[in-house]
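S.K.: Construct the entire structure; sequences and hints are all you get.
Protein sequence lines, in the order shown, are assigned to chains A and B. All letters in the first sequence, in the order written, are residues 1 to 114 by our numbering. All letters in the second sequence, in the order written, are residues 1001 to 1115 by our numbering.
None of the hints are false.
Label pairs and their computed distance ranges (CB to CB):
no.	chain 1	residue 1	chain 2	residue 2	range
1	A	P79	B	Q1067	42 to 52 Å
2	A	T106	B	T1020	22 to 32 Å
3	A	K111	B	K1009	19 to 29 Å
4	A	H82	B	Q1017	38 to 48 Å
5	B	S1065	A	S70	36 to 46 Å
6	A	S14	B	K1057	38 to 48 Å
7	B	N1051	A	A29	21 to 31 Å
8	B	T1013	A	P40	16 to 26 Å
9	A	L113	B	G1016	41 to 51 Å
10	A	E15	B	Q1067	42 to 52 Å
11	B	T1015	A	G16	47 to 57 Å
12	B	K1009	A	W83	19 to 29 Å
13	A	Q71	B	G1016	47 to 57 Å
Keep in mind that the hints were calculated from the coordinates and are not lab data. A quick note: this is a predicted structure, and the numbers were derived from the prediction, not measured. The beta carbon of each residue, even a glycine, is placed where N, CA and C say it ideally should be.
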Amino acid sequence: AQSVTQPDIHITVSEGASLELRCNYSYGATPYLFWYVQSPGQGLQLLLKYFSGDTLVQGIKGFEAEFKRSQSSFNLRKPSVHWSDAAEYFCAVGTTSGTYKYIFGTGTRLKVLA
Amino acid sequence: DSGVTQTPKHLITATGQRVTLRCSPRSGDLSVYWYQQSLDQGLQFLIHYYNGEERAKGNILERFSAQQFPDLHSELNLSSLELGDSALYFCASSRSGTSGRGTQYFGPGTRLLVL
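M.R.: Here it is, written out as structure tokens:
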């Protein structure tokens, strides 16, 4: 069965430090991959997505993610975190064949220290 | 602003009651998805409609039902409510309806509290 794992429930970084949020998936083929961000009391906003092609994907707000097929991973990175990045981040997988599915990970809550 | 609207923003009701949550997708989007977000279950996909037809079902209880109308707005009906149904219910919309490729645009959610 398809699944998405975000192994880090909480991450705390200092403002200005680099960030990497991990996402691993289980799927029989290459899925469509997404990262969403949810600020407190808000809906989810798409940060970036990967369908095919270049495995390094640029998104909004200075985020990027790299698809690594061999590791079944799609980690989210940002070189310098801002206090406004404090939020919850969700990795999601979209299936590319068979029954349509869109599966979210359990989320990683990011705290930014001033 | 994603362009997806949900009403009401907050809903407080009692166990055993029935409520209806409403979602209007972005202009031009034919797909509507419903999700439930709770502390213990995380973000759970409930159901997907595309142009009025049900396309996929996730972890939706039999007490819950949904429909999408000709004008493409959707309603999620929750009946015989239990305390455990208290959660944030999100609606999302996308252009795509046939695969997992479509980017989903999320509404602000309806927070349901069952007392």
